[in-house]
Structures are given as C-alpha cells and as structure tokens.
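Chains as they are written, first to last, in this note's numbering: chain R, 773 to 1060; chain B, 180 to 497; chain Z, 455 to 702.
Calculated from the structure, these hints are not laboratory results. No experiment lies behind these values; they were computed from the predicted model shown. Be a bit skeptical, because a hint or two may be false.
Derived DEER-like restraints, expressed as beta-carbon distance ranges [what the hints assert, rightly or not]: (1) T483(B) with F568(Z): 56 to 62 angstroms; (2) A594(Z) with V278(B): 39 to 45 angstroms; (3) I334(B) with L890(R): 52 to 58 angstroms; (4) L591(Z) with T483(B): 20 to 26 angstroms.
Pulled a few chain R residues facing chain B out of the computed Cβ check, cut under 7 angstroms [stated by the list, open to error]: (5) A1035; (6) L1047; (7) L1049.
By construction, the Cβ of each residue, glycine as well, lies at the ideal position given by its N, Cα and C atoms.
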Amino acid sequence: MTLLLNIAVDGLAYGMILFMIAVGLSVTMGLMRVVNLAHGGFALIGGALAHWLGTEAGLPFGLVLPGAVAGTILIAMPLERLVYRRIYGFGELQQVLATIGLTFLMIASVNLWQGSSLLAITLPEGLNRSVDLGFRQLTAHRALVIGVGALIILGLWVLLDRTRFGIRLRAAVDNRETASALGIDTGRIYMLTFALGAGLAALGGILGAELLPIDAYYPLRYMVLFLIVVAIGGLGSILGSFVAALAIGLIETASRYLVPDMATITFFVLVILFLALRPRGLMGRAGA
Amino acid sequence: MNRRLLSLLLILLAGGAAYLLFPYNLAFLTRILIMIVLVLSLDLILGLAGIATLGQAAMYGAGAYAAGLFAIHVWADPVAGLLAGALAGAALAALSGAVLMRTQGLTLIMLTIAVAQICAEIANRARAVTGGADGLRGIRPGKVLGLWEFDFIGITGYWYAFAVMALVLLALAVIARSPFGLSLRGIHESPERMVAIGVSVYRRRLAAYTMGGAVAGTAGALSAQITQLVSLEAFSFTLSAEALIMLILGGTGRLYGAVLGTVIFMAVHHLAAANDPFNWLFVIGALVLAVVFFLPRGLIVLPTGLKRLAKGGRHAGS
Amino acid sequence: MQGLEVRGLSKRFGGLVVSEDIDFDLPPGARKALIGPNGAGKSTFANLVTGILAPTGGTIRFDGQDIAGLDEAQRVKRGIAKTFQITTLFSGLTVRENLRLPVLERRGRGGGLFRRADGDPAIETEVEALLAQFDLLPFADRPVVDLAYGQQRLVEMALTLALKPRVLILDEPAAGVPSSETHLIIEAIERLPGDLAVLVIEHDMDLVFRVARSIVVLVQGRILTEGTPGEIATNAQVRELYLGGAHG
Chain R
773 MTLLLNIAVD GLAYGMILFM IAVGLSVTMG LMRVVNLAHG GFALIGGALA
823 HWLGTEAGLP FGLVLPGAVA GTILIAMPLE RLVYRRIYGF GELQQVLATI
873 GLTFLMIASV NLWQGSSLLA ITLPEGLNRS VDLGFRQLTA HRALVIGVGA
923 LIILGLWVLL DRTRFGIRLR AAVDNRETAS ALGIDTGRIY MLTFALGAGL
973 AALGGILGAE LLPIDAYYPL RYMVLFLIVV AIGGLGSILG SFVAALAIGL
1023 IETASRYLVP DMATITFFVL VILFLALRPR GLMGRAGA
Chain B
180 MNRRLLSLLL ILLAGGAAYL LFPYNLAFLT RILIMIVLVL SLDLILGLAG
230 IATLGQAAMY GAGAYAAGLF AIHVWADPVA GLLAGALAGA ALAALSGAVL
280 MRTQGLTLIM LTIAVAQICA EIANRARAVT GGADGLRGIR PGKVLGLWEF
330 DFIGITGYWY AFAVMALVLL ALAVIARSPF GLSLRGIHES PERMVAIGVS
380 VYRRRLAAYT MGGAVAGTAG ALSAQITQLV SLEAFSFTLS AEALIMLILG
430 GTGRLYGAVL GTVIFMAVHH LAAANDPFNW LFVIGALVLA VVFFLPRGLI
480 VLPTGLKRLA KGGRHAGS
Chain Z
455 MQGLEVRGLS KRFGGLVVSE DIDFDLPPGA RKALIGPNGA GKSTFANLVT
505 GILAPTGGTI RFDGQDIAGL DEAQRVKRGI AKTFQITTLF SGLTVRENLR
555 LPVLERRGRG GGLFRRADGD PAIETEVEAL LAQFDLLPFA DRPVVDLAYG
605 QQRLVEMALT LALKPRVLIL DEPAAGVPSS ETHLIIEAIE RLPGDLAVLV
655 IEHDMDLVFR VARSIVVLVQ GRILTEGTPG EIATNAQVRE LYLGGAHG
C-alpha cells in the first residue's frame, strides 16, 4: 500500500513537470503544424538563466523563478519571428532539420556561457523542508511542483475556455484558413502561444531540475520524452497532454520502483505498443 | 562511353587519389567511407521511399555489436562478420519496421528515435555481453579474404572499406533503377495512388526499411572491424542526426548526393571540431539552418540550377 | 449477366440519404454518362461501385458475382477502375514512369530488384502503346508536373487504363481543363477499347453528349430518368431540373 502511494505521489510530481514542459510543444505543434525538436531548449535556457540568477547574481528564488521565465520568453519571441515563422510552410523533414540545427545552437550557446557541467539551481531553505504525509516524508518542493502543475492546468483551462484569446486560439488550431478569413490575426496568436509555451517549458525546466537535471545536453537527452508526451496526448490537445504526462509520470515511476533494471525498456515498449495501436494518441483529431 | 562504367571508373579514381594525396590520414578517410555507407542506407529509405527517420543509428549499432561479438565468439573472418552485421541490421529493421511502418509523420520520426534509445539502453544494461559503457573490446578481425592482414597504418582498412562502399553503391544503383526502386519513388510521390494501382504500400516500405537496415548494419560492422571497438555512441541520436544532415546537404534520392554530402560534412567536421566539440555544434547548427533555408534540395542541384539560371529556365533554383 | 449490375443501391450518412434505390447496368462496351446537379450523389455512387464507400442497402454484382465484400484494391484486381477527380499522379516522375508503374504492378513485377525497371520489352511495348494511344509520346520523358493540365488528365486516364480494367469510371475527366483542351479528352475517350464498359461522370455537357450513347440523370440520390442523348435533350423534366436552370 505504501509502495502504491509512493508511486502515486512521485509519479504525480514527475507527470506535472512533464506536462509543464510538453504542453507548449503540443499546442505549437497542433497549431503551427511544426515539428519542433528544439522545445526542450527553452527548458534548458530557463534552467541556465535560473542557475545564473541564483548562484552568480545571488538573487532569491522568489525573483529567480519569474526572472528566468521572463528571460526565456524574451529569447523565444524573436526566435519565433526569425526562424519558426519561416519554417511553418516547410515539409516535415525540413522542419526536423531546422529545429535540430536550432537545438545544436542552443546547446553550444549555453555551453559557451555556462560550460558543460551540471547547472545546479539553488532552492530556498523552505522548499527543502519536509512535509509529513503520514506514510512518507515529502519535500515542500515536490508539493510545490504538484500545486503549480494543478494551477497551470486550471489556468490554461480558464484561458482557453473563458477568454477571447482562448476562443481565437482554438479557432486557429481547428482551422487556420477559416480563422484568418474571419479576421483573426493568426500571426500574433502564433507568437503569443509560442511565448507562452516557451515560458511554461522554462518553468517546468527549473522546477523539475531535481528530476531532470539541467546541463547543456538537456534538450537532446529529453527530446524523445517530451515528444512522447505530445504524441500520446495527441497533437494540439492540452487535456491530452495533461493525461499523457501524468500517465507517463506514473508508469515510468512505477517501473523504476518495480523493475528498476528494465525501467527504460519497459517504458519504451509500452509507448511503442500504444502508438502502434493508436497512432493519433489519446485525444488526437482525425486528419491532423 | 557507358555511363555506369564511367561512374565506376570515377569512383575508383577518387579512391586512389585520396589514398595518394592523404597517406597520413587513412584512418580519417576510412571513417568517411564508413559514413558514406551509412548515409547511403538512409538515401534508400528516405531519399527513395520517403520514410522520414531519425534512428538509422539503431541498425548501425546493431550491425556493429553483431559483427564485434561474431568476431570475438564465432569467427574472425571479416567478410563473414560483415554478413553478420548486415543480418543484424536487417533483422532489427524488419522487427521494428513491422510496427514503425504503420505510422507516419511525427509519430514515425519519434519512434525511430525511441528504437535507437531502446537499443542503447539494452546494450548498456547487458554489460556482461557488450561491455556496457566501457564499450565492446577485444575485436581482432582476421585477414580479409585470408590474404590481407589489418595493419597499423590502416592501408588494408582503407581499401577494405573502400571496396565495401563501392559494392554497396553499385548494389543500390541497381536497386534504384529496378521496378522495386521505381515503386519506392512512386510511394514517395503518391502513396494513395500506389494503393489504387493495387500495391501494398506497407509491405513495400517495410522491405525498403529492412534493406536500408542491412546496409546500415554493414556500415556498423565495418566500423567495428576497423576500429576494433564498439561503444554505446554507435546508437546515439547525434549519429542519426548527422547522417541525415549529410544526406540533405548532398541531396536526396540520387546516391551520389549522399557521397558528396558525407565527404563535405566530414571534411568540415575534421577542420572545425579538432579542438572543441561544442564549437562544432555551432558550425553544424548554422550549417543545417543554412541548408534548410537556402539549399533545400542539397548541393547536387547546384550545377543544374546554375545551368538553368544561365538558360533563363523557369525552374531555376526551385 | 456480363458487366456491372446494380440493384436497389442505397447509402445513408446518418439521417441524410445520398443514394436511394438505384438500379443501374453497365454491360461490356457501354458508353454511359451520369449527370445531375451538384449534390445529386454522383461521386457517392462512383465510390460505392469502386468500394471506397460501403452501401447501406442493395447489391452490386460484377459478371454475376456479388462484389459487395471486396475492398477497393480487390475490385481493381477484378477489373473495376476509376480515375481520380483530384490529381494524385506521381508528379515528380516522368510520364513514361507513371505508366510503367501500373503495368509493372499489374503483371506482378513491381517488386523486382535486379532487372532494370525499363528492361522488360513486353512491358515497354505496352507502355509505348499507351503513350501513343493518348498522344503523350512527345512528353514521355518530361516530369508530369511540367505538363499542361489537360495533358495531366490524359496521363490520369492512361494510368488507369494501364490496369487493364473491364469497367472504367471517369470521374469528371474534364474538371479544371480549359475549354480549348477539352477536345483532347473527348478524343481520348472516343479511342478507348470497344469492349470496355465506360461510365463518365461529368458537368461538361458538350463532352457528355459527344461521348455517351446513354445518359442517366441523378437527382437527390435517385435516378430521374435514363435515355439516349436525344431523349434526354428533349425531356422536359430534365430541361426544367438541370439543363434549363443550372446549366445556362
């Protein structure tokens, strides 16, 4: 019983991290139809900024977190304008290549700036304290991760369901041509969505550094993991990404507890079987 | 003169010239030859059949480990080892392809990466057999065809790799012109229409993927025999990505584009990466973006593009 | 009987009836046209016959055998072929290669690895004959994408004919073709083999009256009437419903 609860709590925290990083990827891939292998790079940039702001500039975590997320967004917006906007119309292969090129440039830049070693993110004392759950101790940090993840899915739901921006975004995801024919400025929506996705990736990268440690090769190491969340959730589906991220978090955590030697293999085999049976993922739309 | 004979002569000439011009860089030249074989395998799968993959290293690695283990435990004969590598590559491609070829687009690309990662994980876990992260050591290939021993300077290695590369190139040229090759191009152009003329697109694609796997396995086997070492890097994403970049750089679907792209990429790599691998990432990142934006069909279109431009043709540079 | 025999064919999408109780025969050598206003269910009918859609009622027999259980590819093998309305040709391949592909596949040689694709004289003779039949010889070695639209439609017909069908359904063969090139399509249809059963679905009335010996009028999923071009041209109901209003 304790084992199951342990898996549930750790899997939930891990799943929330995956969700934060991957949700932006899912929306941009569903909306812009662009295969973006460089998305993990934004989590890396967020992590590197947080490392620098925390250890070298000596700012408190309360400023580090928003500062690093804002910094990542400031880098992502011109990138969308300069690179991504040009490749939306390209074929899949060209997009793959362009975003691999971008990933390599991100890795090299972070290395040039911060070196290739592990980039630790200093957490405040309070977050390292433990909370007693009765059956186990949980660090405040993990509790925060779960809380923030829950807030984000709620926030995204409100944003998409209750705001004008959300209605326009959904219209653009459903049918780009119709949306622009209706006078919706799709270019602006693209950039805002891209920035939001990059910001969330940075947030996830910083909060998840304990589970997915940050170093220059981060975007390549976890590329498949993030893509798997998107593919299983279904392109463009926020709820799908959420369910997929939590499921993957739980399954991977469970296999680490239960079959530690075969965890990675078990995980991949399950993923491949699932995608072979449901190539469009949990909530993928037909004809996407 | 017969065109095929002419190209064969040109290849032989290039091989001889490289040998004479760079006698102290034979190891590097051999490395280029091995990469050409890998990139050719990708040209069959991607260039002809249009199957987008970022996991060709899976079959390369399978071939490398198979050839290495075969040499250590079964028989040191290099040619037999090559066959073992090709078989391993084909088997892995057939097995994974049975699932992968049912998917397409992003899912396909992602699953090809995943297959290579699974292989790396298996090789890492099976320390007792593969040496894990230390790599597979102690490969001592015998004499090639019982005549030529692998020497320290790498002369035998160079000509052995050269011969294999030339044979693979020749075989792929035959396949590209065959009805099977034509049907792969048809699938690339319009899979719906291939179904309408009564073809099982799935089976054709699987056959192509398996053949590509055999060729990639051959490349891996060559590498294992000549460097006498197999490391987990054989399965790495970077290897798959670099092979893809070389192919796109040269131009897809025409085989000699794969040769050209590999030679140029490896030469740039040799010059740029000598001191710092991270600087190399700057170069390769910029290179890839430049190719995608300015030369989407690769270097091989340059001559025709220029010719058409000179003539004022309407398809120049398209 | 020989040829295609459709009885009581119906198709519903939810509550929407798109084909209702259609009886239709297409014996060898027939030259029939299917006309009707937009949304009459012409394409649906073609898709039911070729197996792209499954009917909700009725029977389809070919040479006396029920073919309802066969999918699209199996019906192609039996000899029922349809041209595509939207071009899905192999646009990067040459015209000759476009025609070589179906001939190779029909003869079961499409998987060959060691011979050259153009190395079989019997296949090449057949390809050349098709090129000649559709006046495509001057463009034989050009990529299809470089051809004028009318010629692409000819390649489309030649490619489908390369499957040696016994029933050929031409789905809007002149769609998108400028009127100056329509005569190419008409001449090509007139030169089709005499024993082939041909059904043309088309909006262009000049073409329909030139090539059809019998015309079927479809309205709201039902057959309104069937007759010779002369009968249809003078039929008051047809004039009222179709030729009068919609066409002019």
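Verification of the supplied hints:
The hinted range of 56 to 62 angstroms is not satisfied by T483(B) and F568(Z), whose Cβ atoms lie roughly 29 angstroms apart. A594(Z) and V278(B) have their C-beta atoms about 40 angstroms apart, which keeps the hinted 39 to 45 angstroms range intact. A C-beta distance of roughly 44 angstroms is found between I334(B) and L890(R), which places it outside the suggested range of 52 to 58 angstroms. Checking the proposed 20 to 26 angstroms range against L591(Z) and T483(B) shows it holds: the Cβ atoms sit about 25 angstroms from each other.
With its C-beta approaching chain B no nearer than about 9 angstroms, A1035(R) sits outside the 7 angstroms limit, and its interface hint is violated. With its C-beta approaching chain B no nearer than about 6 angstroms, L1047(R) sits inside the 7 angstroms limit, and its interface hint holds. Restraint check, L1049(R) versus chain B: the minimum CB separation of about 9 angstroms is more than 7 angstroms; hint violated.
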